[in-house]
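Participant: For reference, the chains in residue letters:
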Amino acid sequence: MHLDPVILSRMQWAWVIGWHILLPAFTVGLASYIAVLEGLHVSTRDEIWLRISQFWIRIFSVSFAMGVVTGIIMPFQFGTNWSRFSDAAANVISPMLGYEDLMAFFLEATFLGVLLFGRTLVPRWAHFFAACMVAFGTLLSSFWILATNSWMQTPAGYTMKDGRFFPSDWSAIVFNPSLPYRFAHNVSGFYVTTAFVVLGVGAWLVRRRNSLEGRRMVMMALGFLALFVPLQMVLGDQQGLNTREYQPAKLAAIEGRWEDASPSPLTLFAIPEQNEERNAYAIDIPVIGSLILTHSLNGEVKGLKDWPANDRPPVLPVFFAFRIMVGIAFIMLGMVVLGWYLHFKRRLFRTDWYLHLCQYTGCLGFIAVLAGWCVTEVGRQPWTIYGLMRTENSVSPSLTGADVLGSLIAYMIVYLLMYPFGVAVMARMVRQGPGTAEPPIQVTKPAATIAIPAE
Amino acid sequence: MSEGIPDLLPIWTAIIAISVFFYVMLDGFDLGVGILYGFAPENQRSSIMSTIAPIWDGNETWLILGGLSLLAVFPVAFAIIIPAVYFPVLLMLLSLVFRGVAFEFRFEHRLITRFWSRGFCVGSTLAAFAQGCILGAFIQGFTVQGRVFAGSSWEWLTPFSIAIGVALVFGYGLLGAGWLIIKTEGGLREWARGAGRTCLLVVLAGVLIVSIWTPIASPDISVRWFSWPNIVLLAPVPVITAFIALMVWRALGGWGNDAAPFFLSIALFLMSYLGVAISLWPMIVPGHYTIWQAASPPGTQTFFLIGTMALLPIIFMYTGWSYWVFRGKLRGDIGYH
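For the record, the sequence lines run as chains A and B. Heads up: the first sequence begins at 1 in the working numbering, then just goes up one per residue. Heads up: the second sequence begins at 1001 in the working numbering, then just goes up one per residue.
Keep in mind that the hints were calculated from the coordinates and are not lab data. Quick reminder that beta carbons are idealized off the backbone N, C-alpha and C, glycines included. Hints should not be assumed to be uniformly reliable.
Selected chain A positions facing chain B (in silico; Cβ < 8 Å) [unchecked claim]:
no., residue
1, Ile72
2, Ile73
3, Asp87
4, Leu121
5, Val122
6, Pro167
7, Val234
8, Asp284
9, Pro286
10, Ile288
11, Gly422
Interface residues of chain A toward chain B, partial, derived using beta-carbon atoms under 7 Å [to be verified]:
no., residue
12, Val68
13, Asp162
14, Phe166
15, Trp170
16, Ser398
17, Val414
18, Met418
19, Phe421
So here's chain A without its partners, still in its complex pose:
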């Protein structure tokens, strides 16, 4: 069997980033939520906010630690497996990655120590400030990473010499055409993901303990989601329009369009067949495709046949991932509408099946994030830098298939060991509930005594 280092390196990248992205998808939202809770506690002096905040801070510390260690792996992948890409693109992308580390990572990691362990060591306002800095850090981090990713999707502000990229206009590089849409859609998606986790955990606490903290969590989540689920749909639509303009081949794969069409139908379901260049079992609704994608009744949507076969993305995964993402969005919308309906009927906390449903839908955001990521990353194939540098030319030339297979297996073993443990640790914290357990490590003045609870 021939082991292809390119395919294996792509699998390894997908593996390490797929697992990693689940953590920012949760911690970006949770950091902001904790900052809000701390702010409420500082301003109202109501202890319930403190209990809710402490509850989530413990869970945050576990997910953040996992995010840090899986995140450190990412920049090294550029060097280990994608050294040709690094050599070609470093002049442009490296300062953005560097700024992520300088602005965000340091900020988060340092203030996290104060947030987790410093409550009794620093004044109340300083602790709140630390919470805000952690939240701000996660947003900055998302900004720079997505700026880098967006530049690779819609490159701008560069010149090329000897196959390498040189910066010519930094504001065009950073604020490249897809950045605003990608950033808004991603961060809002991360917030929605976190809010559904809060909703699910809150619902569980209400069902099992009839806990007051759980009720607050449910109401906060529902209030937030009433705004952000529709907003996220609008932002997704806007990113779609941007993709149509800059990455029409990706859009064609999303839609499963092989031929140019105006007006274009909307394909609800099909099995796209890459080699036969057609869809099997297609269910089409006429005209709606144009309406959604171009906001007009006869706007043109390009078909995949406009591009040579080796410039087309794999259609099947992109097509289905997109439908999974959109399907989840509608389920989420349904959950929010239902929740508010029950609330106005004054039955929300007595409707056990709905609370149950909240628990089960708590993880939907993660699936949507992975699906959306799959759409945007598989959809831009076969390019690492869209239209300019091919994935197959990006890989480190020294690697053999066996090298990459070995490292991929090692990453698989470690991640498959770590993630179940992480989930178990967090699930245990949820079961302990708010206000019951001590913070993980206590630090008290004057001698800065640090103690870990008994094992």
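Position chain B relative to chain A; hints supplied.
Facilitator: The following block gives chain B in isolation, referenced to the frame of chain A:
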């Protein structure tokens, strides 16, 4: 250099050198604490871990800064070196994963606690070992064709790189012992003093091996140190190193205050670092690329430098603040409760 932009390369070289040194110093001591953890008395282990719990992840960010600055300022060096040390990098990253999550995962179950405690020690040790191997491979040099690494993924594996790997494990152990002496009292502090001395002896053996082996293996390095007048100008380096080593030994025995072993060990690291830098200057890919040949265009350096100069002082300030918040001794009597 174009349009009168001043040459920023010396500043960048200094920033990268400082980031790498900060990483070695800061993550060095917390990896070292992790290494010693596995050998410490069982009932003291939780206290040992809690001396670094609030600060370890901040320390690791210096690793990323070092790596990304290398990518930004010397992209071709990054593109050659990192694939050349594919497996040590893999080992380092996975080890850092293991030790990082061990802080969070040591919960109630006895078996699980034991598993992650071991993971904490083994992960710390292997991460240090892998970093030593990377350093060894870097000093050895790589097979390069044009702008790419052209050797095999196992080229790094030599007795020399292994020896450096082992030496760095003990080197970090020495820093870790110094940190524990600052943070603890009583029996644990005495234990750390003993452990520190063992580590120091192995480190010195390692430094000696490198000092003898590198000039023999590389004529360039030999000329650098032993030609006239360098031999006189550079003579203070080994002399001062030996003097500091003696001071560390005495400090571990109780001379000076509790911070002395830690800061003297850092001075020892600094001298070794200086020694390597003198040997290799001005190469960033030994034998192939100097820092000028490997440099990224001025536009990249300038854009990244503006922010870095603004942010580094702030980072130093709040890193300092967080160390200040968690200052002082860990009280040995309340390890458990």
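Participant: Taking the hints in turn, state whether each one holds.
Facilitator: Hint check:
Given the 8 Å rule on beta carbons, the hint for Ile72/A holds: about 6 Å separates it from the nearest Cβ of chain B. At about 5 Å, the closest approach between the beta carbon of Ile73/A and any beta carbon in chain B falls short of 8 Å, and the interface hint on this residue holds. Among the interface hints, the one on Asp87/A holds; its C-beta lies about 4 Å from the nearest C-beta in chain B, closer than the 8 Å criterion. Checking Leu121/A against chain B by beta carbon gives a least distance of about 5 Å; that is within 8 Å, so the hint holds.
The restraint placing Val122/A at the interface with chain B holds, with a minimum CB-CB distance near 6 Å, inside the 8 Å limit. Restraint check, Pro167/A versus chain B: the minimum CB separation of about 5 Å is within 8 Å; hint holds. With its C-beta approaching chain B no nearer than about 33 Å, Val234/A sits outside the 8 Å limit, and its interface hint is violated. Because the smallest distance between the Cβ of Asp284/A and any Cβ of chain B comes to about 47 Å, over 8 Å, the interface hint for this residue is violated.
The beta carbon of Pro286/A comes no nearer than 50 Å to any beta carbon in chain B, farther than 8 Å, and the hint placing it at the interface is violated. Contact between Ile288/A and chain B, as hinted, is not supported at the beta carbon level, the nearest pair being about 45 Å apart and thus beyond 8 Å. With 8 Å as the threshold, the beta carbon of Gly422/A comes within range of chain B, its nearest partner Cβ sitting at about 7 Å, so the hint holds. Look at Val68/A: its Cβ gets to within about 5 Å of chain B, closer than 7 Å, so that hint holds up.
For Asp162/A, the interface hint is violated, since its Cβ never comes within 7 Å of a Cβ in chain B; the closest pair sits about 9 Å apart. Because the closest C-beta pair between Phe166/A and chain B is about 5 Å apart, less than 7 Å, the hint holds. Taken as an interface hint, Trp170/A checks out: its beta carbon lies about 5 Å from the nearest beta carbon of chain B, inside 7 Å. Interface restraint check for Ser398/A: the shortest CB-CB distance to chain B comes to about 5 Å, inside 7 Å, so the restraint holds.
Using the Cβ-Cβ criterion of 7 Å, the hint placing Val414/A at the interface with chain B is satisfied: the shortest such distance is roughly 5 Å. The beta carbon of Met418/A is positioned within 7 Å of a beta carbon in chain B (closest approach about 6 Å), and the interface hint is therefore held. Satisfaction of the interface hint for Phe421/A is found here, the shortest Cβ-Cβ separation to chain B being roughly 5 Å, below the 7 Å cut-off.
Checked against the numbered hints above, the structure violates hints 7, 8, 9, 10 and 13; every other hint is satisfied.
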